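These are the residues of each chain, in order.
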Amino acid sequence: MAIDINLIFKIAAIGILVSILNQVLKHSGREEMATMTTITGLIIVLLMVIQLINNLFTTVKAMFEMY
Amino acid sequence: MEIIKIVALGIIATILTVIVKQYKPEYGMHISIATGVIIFLLMISKLASILEVIHELTNKLDMEVVYLKSIFKIIGIAYIAEFGSQVCRDCGESSIASKVEFAGKILIMVLALPILLSVLNLIIKLMP
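If you read the protein sequences in the order shown, they are chains X and R. Under this note's numbering, the first residue of the first sequence is numbered 1, with each subsequent residue one higher. Under this note's numbering, the first residue of the second sequence is numbered 1001, with each subsequent residue one higher.
So that you can see chain R by itself, here it is in the shape it has in the complex (with noise of 0.2 angstroms):
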């Protein structure tokens, strides 16, 4: 099961960052930034697969292409500026988090501009 191999994963490279924290504890933050990224990479078949479906499912409902890429675009500017954010944050350092997460909001906001325009028109064509 790839569950129980993530969770080993996991706790096993915990259990290495608190041993090295008290030696050097700059490691510590090494360690966790590899853990995060290996998981992450154990699990991109399956993340492939869901995106696959995804674009399968649109191209039955003859949508807007584009409006599908700026949602994948938004959900990996979300993804990484998380994991960044994250990573300061777990470092001590939440300013530089908060202040990564904002471009991050302003990067997102960019890219959602277009898909809330074209609803606004939808809706003022659809008024009487």
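Next comes chain X alone, as it looks inside the complex (with noise of 0.2 angstroms):
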């Protein structure tokens, strides 16, 4: 599974990038822009999570034949 490493990586990047930007944002004044940098982050992490779950649960099914 090569992608395994990087993933975690990819969250925690978006996780700091996100609140960093949520700073960099409240500071400038713009609070909305900060607020939709969160959900998008959000999103793109809950995305990638979900995929990977889809992908245990299709796994689990296939090898304990839970049809």
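What the hints contain is simulated information worked out from the structure, not anything from laboratory work. Owing to the predicted nature of the structure, the values given are computational and were not obtained by experimental measurement. In this text, a Cβ means the ideal position worked out from N, Cα and C, and glycines have one as well. Treat the hints with caution; some may be incorrect.
Said to hold, decoys possible - Partial list, computed: chain X residues near chain R (C-beta under 8 angstroms):
#	residue
1	34
2	42
3	56
4	65
Stated by the list, open to error - If you want the ones that stay clear, here's a sample from chain R, every Cβ over 12 angstroms from chain X, calculated:
#	residue
5	1005
6	1099
7	1100
8	1113
Need the complex rebuilt from these two chains, each delivered in its own frame; the hints are there to steer you.
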């Protein structure tokens, strides 16, 4: 599974990036942009994690013949 | 060695989770879920070979295949229920975690009933 370690780094990077962006946007006065970036960051990470979970569930279903 | 890679992955993910939790708590949860899934996916090949050996053993014993299938299903349900409840408990939602475990137990009970009944029938037959 080549994606294993850099996926975790990607999620962490997005998390830190979003929090930094929020600080910057808050200080520069644009509050609504800050919430926008939070939501988009969350959506991106959610898509990644849901893809992984879907992969896990299909694998377990195939593995244990849980049809 | 596989175990070294797994432990390294776990430690790195834990460090990242602690770092990210200060800024954004929800991302810590995402990282822990991702790590759990990745570690399981790394172990798939080993698990497949174990299940293969079990299949061969049961074929030799010409045991009822139905029982083995439901045992595998029970293992699968137990694993997924455990995974879900641990994730919920990790994020502090222990009430949701206990509900998930409760549902898992019920489903396992439903699957285990046929085996139980067949054992009882066997015992009754053996009785003099």
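Which numbered hints turn out to be false for this structure? Hint check: 1 and 5 fail, others pass.
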